[in-house]
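Undergrad: Starting from the known structure of chain A, fit chain B onto it as the hints suggest.
2 protein chains.
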Amino acid sequence: MFLLSNVLATFSVGRVVASGHPNFKSGDLVWGMSGCEEYTLITDPESLFKINHPELPLSYYTGVLGMPGLTAYAGFFDVSKPKKGDYVFVSSASGAVGQLVGQLAKITDCYVVGSAGSDEKVNLLKTKFGFDDAFNYKKEEDLNAALKRCFPRGIDIYFENVGGAMLAAVLPNMRMNGRIAVCGMISQYNLEQPNGAPNLFCLVAKRIRMEGFMVLDYFGTYNKFEEEIAGYLKEGKITVVEDVAEGIENVSAALIGLFSGRNIGKQLVTIARE
Amino acid sequence: MFLLSNVLATFSVGRVVASGHPNFKSGDLVWGMSGCEEYTLITDPESLFKINHPELPLSYYTGVLGMPGLTAYAGFFDVSKPKKGDYVFVSSASGAVGQLVGQLAKITDCYVVGSAGSDEKVNLLKTKFGFDDAFNYKKEEDLNAALKRCFPRGIDIYFENVGGAMLAAVLPNMRMNGRIAVCGMISQYNLEQPNGAPNLFCLVAKRIRMEGFMVLDYFGTYNKFEEEIAGYLKEGKITVVEDVAEGIENVSAALIGLFSGRNIGKQLVTIARE
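Protein sequences, first through last, are from chains A and B.
Quick note on numbering: the first sequence equals residues 1 to 274 in full-length UniProt numbering.
Quick note on numbering: the second sequence equals residues 1 to 274 in full-length UniProt numbering.
Bound-form chain A, shown alone:
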């Protein structure tokens, strides 16, 4: 029995122990939503995906080949419509989604800069994930100045994970016909008074498109995505960094660590190995 559980969304990888559904049989490797537990009863197998590349680390199916990976792929390619040479900015760039967006941007021959919340993460972006540049937003006195330094010619694509002050700094730095793919706005979720971007009128003069998306809408494209990313992984074009905690008793600590940004890369918890 093999089961890895993604703490926050309780996405996991596992092996089917018994099945009454014609599409799944005992022994199949699958990934999808589950309880954060050793065995899960799945009553809605529509939300389970078969694992077609078990030769890759199975943990990848909670990250680069799972929900965060599909999120990055859909948001970057379908929503932000990149072109070779585009200037791309990714916030929360060392997270499971951001690290893949940056690498997809490099595969597309874009120039990509990421922001993250520690020097260790910034270093990872530059040395492991191939970002052209990166900065620690907690150490920048003026986010607008940081963006101007990294993007003297402006930003074509902003992959938005945080909202708030970062969005407000990005808007005046966008280029004509820029695109903002809104994946999340994590800085806003726990605020009693979300602060929004006061300079939204930048959208008009720069003809900016800002568009929200959810990965659920892209489940139908999963197989195409899986094949493409599995190919990049085998060719060494995509690097993965995971932060693995051991044992179900460490789920809470791993979860709490996410909110203070303690994790480096995708946070996983190993429940059991094969």
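It cannot be assumed that every hint is accurate.
No copy is singled out in the list; a pair is fine if it fits within one copy or between any two copies.
Straight-line Cα separation of at most 30 Å, DSBU-like style, residue types lysine-lysine; simulated pairs [claimed, not checked]:
| no. | residue 1 | residue 2 |
| --- | --- | --- |
| 1 | Lys-206 | Lys-224 |
| 2 | Lys-25 | Lys-139 |
| 3 | Lys-25 | Lys-128 |
| 4 | Lys-234 | Lys-106 |
| 5 | Lys-138 | Lys-50 |
| 6 | Lys-148 | Lys-128 |
| 7 | Lys-138 | Lys-224 |
| 8 | Lys-83 | Lys-206 |
| 9 | Lys-50 | Lys-206 |
| 10 | Lys-148 | Lys-50 |
| 11 | Lys-206 | Lys-25 |
| 12 | Lys-148 | Lys-234 |
| 13 | Lys-81 | Lys-224 |
Hint data in this document are derived by calculation from the structure and do not stem from the laboratory.
TA: Below, chain B alone, put in the same frame as chain A:
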């Protein structure tokens, strides 16, 4: 000599008195940007358009057949991509752009509601322009409640002219895959501290696309637009309301009136009649 001048943008209609440019000859009727004056020297005739339907009131070429008309047409059809049955909300709806957006929405078999700043304008929207409903935003204590009343099933398309509190009220009332065409944010332009929409994260869960645009990008499509709108005008499918001040000495008063919302419909100043 005939010249009508659109006060705010100094767009006007006139007759060519003399021309050294091969595309224009003395006597041609044209519209485009000009000084707010009786005679204008045009050094860049790329920004002039020939008038192909002089059988219609020439003043229409400062409004419904001019820049505001093309703005409404481009923003509604190209940016907000309407479908039959869509729920459409237009702010600043009695203005030159808004009144045409509403009528184009009705021609497209949408349900359309407008907001304006006086009961007289609201009445005009419902009785002259065929809006399904309208409200006076200055009289509503709670914009969110007003929108819920007008759109119990939510909004598919918001044609954004004002920004600020109206945008903040619209966002949670948008439907899945909604579109916000950002034409302007007039409530924000004269604020020292623009206030932005604090609930932008609505873009994610509802997969909303918010897109700024400028009419300049659509100048190449002018002839197609002119033919289509001239046809609607001749069939009586589009109604025009203009607010005409007489004489160049009244330009300042007409201009100042715009900022207090005194005008009803497109504000024009007649400089000279033929």
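Undergrad: For each hint, tell me whether it holds in the structure or not.
TA: Each hint, compared with the structure:
no. : hint                 : verdict
1   : Lys-206 with Lys-224 : between (34 Å within a copy, 25 Å between copies)
2   : Lys-25 with Lys-139  : neither (52 Å within a copy, 63 Å between copies)
3   : Lys-25 with Lys-128  : neither (38 Å within a copy, 66 Å between copies)
4   : Lys-234 with Lys-106 : within (17 Å within a copy, 55 Å between copies)
5   : Lys-138 with Lys-50  : neither (40 Å within a copy, 56 Å between copies)
6   : Lys-148 with Lys-128 : within (24 Å within a copy, 50 Å between copies)
7   : Lys-138 with Lys-224 : neither (38 Å within a copy, 52 Å between copies)
8   : Lys-83 with Lys-206  : both (18 Å within a copy, 26 Å between copies)
9   : Lys-50 with Lys-206  : between (43 Å within a copy, 28 Å between copies)
10  : Lys-148 with Lys-50  : neither (44 Å within a copy, 43 Å between copies)
11  : Lys-206 with Lys-25  : neither (53 Å within a copy, 36 Å between copies)
12  : Lys-148 with Lys-234 : neither (36 Å within a copy, 52 Å between copies)
13  : Lys-81 with Lys-224  : both (17 Å within a copy, 28 Å between copies)
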